[in-house]
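Below, each chain spelled out in residue letters.
Number of protein chains: 2
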Amino acid sequence: MLSKNKIKFINSLKKKKYRSEKGLFIAEGFKLVQELLEEGAEATLICATSQWLEHNPSHARAKIIEQIEVTEQELGKISSFKTPQQVLGIFAISGGLSEADDLAGQLSLVLDRINDPGNLGTIVRLADWFGIENIICSTDTVDLYNPKTVQSTMGSIARVKVAYRELAEFLEPWSRHPGFDIYGCFLEGENLYTAPLQNKGIIVMGSESHGISRELWPYINQQLYIPAFTRGKATTAESLNVSMATGIVCSEFRRRQWVSANHSK
Amino acid sequence: MLSKNKIKFINSLKKKKYRSEKGLFIAEGFKLVQELLEEGAEATLICATSQWLEHNPSHARAKIIEQIEVTEQELGKISSFKTPQQVLGIFAISGGLSEADDLAGQLSLVLDRINDPGNLGTIVRLADWFGIENIICSTDTVDLYNPKTVQSTMGSIARVKVAYRELAEFLEPWSRHPGFDIYGCFLEGENLYTAPLQNKGIIVMGSESHGISRELWPYINQQLYIPAFTRGKATTAESLNVSMATGIVCSEFRRRQWVSANHSK
Chain U
0 MLSKNKIKFI NSLKKKKYRS EKGLFIAEGF KLVQELLEEG AEATLICATS QWLEHNPSHA
60 RAKIIEQIEV TEQELGKISS FKTPQQVLGI FAISGGLSEA DDLAGQLSLV LDRINDPGNL
120 GTIVRLADWF GIENIICSTD TVDLYNPKTV QSTMGSIARV KVAYRELAEF LEPWSRHPGF
180 DIYGCFLEGE NLYTAPLQNK GIIVMGSESH GISRELWPYI NQQLYIPAFT RGKATTAESL
240 NVSMATGIVC SEFRRRQWVS ANHSK
Chain D
0 MLSKNKIKFI NSLKKKKYRS EKGLFIAEGF KLVQELLEEG AEATLICATS QWLEHNPSHA
60 RAKIIEQIEV TEQELGKISS FKTPQQVLGI FAISGGLSEA DDLAGQLSLV LDRINDPGNL
120 GTIVRLADWF GIENIICSTD TVDLYNPKTV QSTMGSIARV KVAYRELAEF LEPWSRHPGF
180 DIYGCFLEGE NLYTAPLQNK GIIVMGSESH GISRELWPYI NQQLYIPAFT RGKATTAESL
240 NVSMATGIVC SEFRRRQWVS ANHSK
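Note that the protein sequences, when read in sequence, are chains U and D. If you count the first sequence from 1, position 259 lands on 258 in numbering that gives the first Met the number 0, and the numbers rise without skipping. If you count the second sequence from 1, position 101 lands on 100 in numbering that gives the first Met the number 0, and the numbers rise without skipping.
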């Protein structure tokens, strides 16, 4: 059974302030909780219906500190869903990027001022798909542990590391790293489809409304844009959604890598 | 001033039943209404604040049947937004695909059972970006004129034609059209990056949860998939969001077209 205190504690984690204070976040639903447990995330608390507990008696790598059986009705008191889905877990916020992470040989994403939780979640999901391990966000980007973002990562939050940094400070040393490129996606620049792209580097994406902050421009050595196809129409969509643009850019980087790996065989 | 009857009439259009009956839909906000008017869409009614009316006294191609000046407070009574944005318009639903439209020389999209209004809106927007003029949806795909979908097209609803059809019936004659391919996006098939792609044809996208309906498979002559990059991880994201996958596939079709046009010069 869930005590009043537990309910209060869980609901407090819907606010960023308390999440940061406690270093904890909420994940809900069968699939998401399962993926987090399978990836070895530490669950401070699992609140689950008897149905879930029966079908998930043990998890090979699961670290569950406390587990409480709850009724559907109790779950409703802590869930953000209209229809709660069997299980809600409280997990420890992991550190994101650590000093030991060497980005030099890989492709990473930098997000500047992304405000929409759904967009951030979608970007985490596609980074997972395209094998991008690290995302570095500006400090004013929406919180990864916002319940809406957590849900929209569809479990990829368990596999992609997300850190928050002062971006100018973060990018400056990488901009001096030999043979390492910092790409930025703009509305003008080099055509993504023909620009030279390496299979390592940093891709900077800005917000839809403001683009990439001017203070970051000096660190970007390749401006890319995604060409629109007008078919003779006078006007076309003004822009693409930022998560869409990120997906298209990442796909093109990985396509090049795929093609060059298969040509050099 | 807005009469009670007008308010009731406008709010009734938030339901699909009444939209279909009247052949009308709601578009809100400065940018969206402006784009619709500029593209020549017929506005049965424009409800706007004095601020909007002052700055938009005439539209070169605008067909506005009735125009009412309203207060911010009145706008609040008909708006779907928390903060109404100066103007709300009632527009005539256009016919979508007509018999006269010849798809043979172009690239078109077919959407099977897309339930999420935001996904449909995002797909309309990217179709606009990539110069795809026609989208044909299964009859059980979410309504294009749902206010949420209309808003998420970001104005592209004015430029892309969307029709609802029985898809098997629609695809069957195209599957017999010489030199014309019907592509389908699956989790398995030919690698998108290396599969032969033409700059004309039909791309079929299915829902995230159910994929493309089995009854449509016989009409698809090229199964495509977007390769994931695991970097040695055991698991990766299970899938991409359907609008994301559509964007990546359309981008690759247009990239090929771009490259072949520039090689043949």
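Possibly wrong hints are sitting among the right ones.
Said to hold, decoys possible - A few chain U positions that, by computed beta-carbon distances, are all more than 12 angstroms from chain D:
(1) 5
(2) 67
(3) 91
(4) 127
(5) 158
(6) 227
As the list claims (entries may be wrong) - Here are some of the chain U residues that sit facing chain D, going by a computed Cβ distance under 8 angstroms:
(7) 128
(8) 129
(9) 141
(10) 155
(11) 163
(12) 167
(13) 192
(14) 222
(15) 226
(16) 228
(17) 243
(18) 246
(19) 247
As the list claims (entries may be wrong) - Reference listing, derived: stretches of chain D covered by chain U, where coverage requires no fewer than 3 residues with Cβ under 8 angstroms from a Cβ of chain U:
(20) 64-78
(21) 121-127
(22) 217-229
(23) 244-250
If you are wondering where the hints come from, they were derived from the structure by calculation, not from laboratory data. Backbone N, C-alpha and C fix where the C-beta goes; we use that ideal spot for every residue, glycine too.
The hints, checked one at a time:
With a least beta-carbon separation of about 31 angstroms from chain D, residue 5 of chain U lies farther than 12 angstroms from that chain, consistent with its non-interface assignment. Non-interface status of residue 67 of chain U relative to chain D is upheld: no Cβ of that chain comes within 12 angstroms, the nearest being about 28 angstroms off. Every beta carbon of chain D lies more than 12 angstroms from that of residue 91 of chain U, the smallest distance being close to 20 angstroms; the non-interface claim holds. A beta-carbon of chain D is positioned within 12 angstroms of the beta-carbon of residue 127 of chain U; the least distance is around 4 angstroms.
At roughly 7 angstroms from the closest C-beta of chain D, the C-beta of residue 158 of chain U falls inside 12 angstroms, breaking its exclusion from the interface. With 12 angstroms as the threshold on Cβ separation, the claim that residue 227 of chain U sits away from chain D is violated: the shortest Cβ distance comes to roughly 5 angstroms. Hint on residue 128 of chain U holds. Least Cβ distance to chain D is approximately 4 angstroms, under the 8 angstroms limit. Satisfaction of the interface hint for residue 129 of chain U is found here, the shortest Cβ-Cβ separation to chain D being roughly 5 angstroms, below the 8 angstroms cut-off.
The closest approach between the C-beta of residue 141 of chain U and any C-beta of chain D is roughly 17 angstroms, which is over the 8 angstroms cut-off, so the hint fails. Checking residue 155 of chain U against chain D by beta carbon gives a least distance of about 5 angstroms; that is within 8 angstroms, so the hint holds. At about 22 angstroms, the closest approach between the beta carbon of residue 163 of chain U and any beta carbon in chain D exceeds 8 angstroms, and the interface hint on this residue is violated. The beta carbon of residue 167 of chain U comes no nearer than 28 angstroms to any beta carbon in chain D, farther than 8 angstroms, and the hint placing it at the interface is violated.
Taking 8 angstroms as the C-beta contact cut-off toward chain D, the hint placing residue 192 of chain U at the interface holds, the least distance being around 4 angstroms. Residue-level restraint check for residue 222 of chain U is violated (minimum Cβ-Cβ distance to chain D is 18 angstroms; threshold 8 angstroms). For residue 226 of chain U, the suggested interface contact is upheld, since its CB lies about 7 angstroms from the closest CB of chain D, less than 8 angstroms. With a cut of 8 angstroms, the hint placing residue 228 of chain U at the interface with chain D holds, because the nearest CB-to-CB distance is about 3 angstroms.
Interface hint at residue 243 of chain U: satisfied, since its Cβ lies 5 angstroms from the closest Cβ of chain D, which is below the 8 angstroms cut-off. For residue 246 of chain U, the shortest C-beta to C-beta distance to chain D is roughly 5 angstroms, which falls under 8 angstroms, so the interface hint holds. The interface hint given for residue 247 of chain U holds, since its Cβ lies 5 angstroms from the closest Cβ of chain D, which is under the 8 angstroms cut-off. Coverage of a stretch by a chain is defined here by at least three residues with a beta carbon nearer than 8 angstroms to that chain's beta carbons; for the region 64-78 of chain D and chain U the count is 0, and the condition is violated.
Three residues within the 8 angstroms Cβ limit are the bar, and the region 121-127 of chain D against chain U gives 4, so the coverage statement holds. Here's how the region 217-229 of chain D fares: 5 of its residues keep a CB closer than 8 angstroms to some CB of chain U, so the rule of at least three is met and the hint holds. Residue count for the region 244-250 of chain D with a Cβ under 8 angstroms from a Cβ of chain U: 3. That meets the three needed, and the coverage hint holds.
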